[in-house]
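A.B. asks: Spelled out, the chains give:
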Amino acid sequence: MSRADDGSPGFGVTVAALAVVVFLQVPVIVVVLAAFSTTSYLTIPPQGVTLAWFGKVLSDPTYLAAIRMSLILAFGSTAISLVLGVAAAYALFRKALPGAEAITSFLMAPLILPAVVIGVALLQYFSLTGLRGSLFSLLMAHVVITAPYIVRSALASLSGVDLATEEAARVLGANGLEAFRLVTLPLILPGLVAGALFAFITSLDNVPVTIFLISANQTTLPVLIFTSVEMGVDPSIAAVSTLLIVGTGATLLIAERWSGFHRFV
Amino acid sequence: MIRYRHGIMLLAPLALVLAGFFLLPVVMMLPTSFREYVPGLGLAPGVWTLENYTRIITDDYYREVIWRTLGLGLFVTLACLLLGYPLAYLIARGPERWRVPLILLVVFPMLLNLVVRSFGWIALLANRGLVNNLLTELGLIASPLKLMFNLTGLMIGLTHIYLPFMVLMLVAAIRNVPRDVEAAAATLGSSRAHVFAAVTLPLSAPGILAGSILVFVLTISALVTPRMLGGPTFKVMATLIYDEYMQLLDWPSGSALSFALTFMAIGVIWLSSRLTRNWAGMA
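Chains as they are written, first to last, in the working numbering: chain R, 8 to 272; chain W, 20 to 302.
Since the hints were derived computationally from the structure, they do not count as laboratory data.
Treat the hints loosely; a few may be bogus.
Derived list of chain R stretches under chain W, where covered just means 3 residues or more per stretch with a C-beta under 8 Å from a C-beta of chain W [said to hold, decoys possible]:
id : segment
1  : 27-37
2  : 93-106
3  : 109-117
4  : 120-132
5  : 150-158
6  : 242-253
In this text the structure is predicted, and so the values were computed from the model without any measurement.
A virtual CB, placed ideally from N, CA and C, is assigned to each residue, including glycine.
With the rest of the complex left out, here is chain R (with noise of 0.2 Å):
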């Protein structure tokens, strides 16, 4: 069979899909590129170079505060939702309960919902009950949005494992949480890696949400950035996305080497 019969992409369509891929990576470029500019406004190519722009957000108490209040976000969001979800998920691949199909699209609902919606519901009920601008309010949040993510890799995960092999464990004396931190869990660590890095990224990333719940004074990084712009564009915004970007691009290489990570994608 000669090879233009066998399927394989021909010179047309490798030629458009390698245009797309370009497509897909221009404003990150062109992000990075801004950030090295002399000049106080955007210009590519960027007019001389400086790392003027990365001191001055480095030094912002403003920038600096926001980065550490995402952080915190996100570990503590992705920790929660690990540690709940995983639990969830394995109740219901242990069909221990009735109706695990409607309890698993309750689970998913926060996925469904358009996310500003949950945003403005959880402004209402924060105003409420006085939560509004706590650390506790933005964390509840932030789980709500983040498990959905740890549940569904959890699930995806804990439909390849044997369940025999944990009944073995059990056999052969482990109690039940034995048998799973020692049997299942390593099973399933690859799975969870993917699915916390996703939901650690979620919550990194998220406007749509937190927006609506910040107070004055404490802010995540991404809504500082989307505020900001809205006052004007310069070069600072540049730089201190151009740390996100190669922050992303870091945790990626590594969660790839560590648990091929486009196996989960």
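On the provided structure of chain R, position chain W as indicated by the hints.
C.D. replies: Below, chain W without anything else, positioned relative to chain R:
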């Protein structure tokens, strides 16, 4: 099988968090959407009304925003399909050693902060942005093209943002098409284009539908990109809700719009699941 009591104990923490901080808040928004808003005062006490909902359908401005939102969803979905299919095909059927790097190059912008990506498009599309500067220097245009604060900017930005989701869905769909069916069609004398149109495309239809629904729902729900590229005046439903709450403080109207948006999103998902079930019935 583990016991019922253990199951409850494992499930309860997450279920309670979702009930308390997701279900209850959304349900509590429902009565608000039937209240009357008095500017400066807040909710009129003891007054219940359907007006917040009827206004969405009768008011010209609201109608315009809804049509714009739906049109945007449709266009972005089509654009993602057209741009995404060749790339998904290359990932699914191209050289093996390209696969992982290409997937990572698709996933990277998807994982990157939405605000950062939208900011990149501002730098490109603004009046003195990169695209206009380039076109002016090449002498192709005399005055800058208006690429932001209008439909064009939102279409470009949102297509870029949601393209990775479509590509990943299509890759999975194309990989599921059995290659021997294609080979059989080719052996029987079908041209390459005909094999694609008669075999590959229909067999990847479930993935096309799933990806389209996902992109459509994400697009009509989007807040960040429409706000950053559309500015405060060129509104879609999500940015309208944002302004009702944050600028006008009109919670009744904002909550009615929220339920309308939710209804649209869930309606589209429900319709598509009906459609898939019918397909499964025909097979």
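A.B. asks: Hints broken by the structure, by number, lowest first?
C.D. replies: As far as the earlier hints go, not one is violated by this structure.
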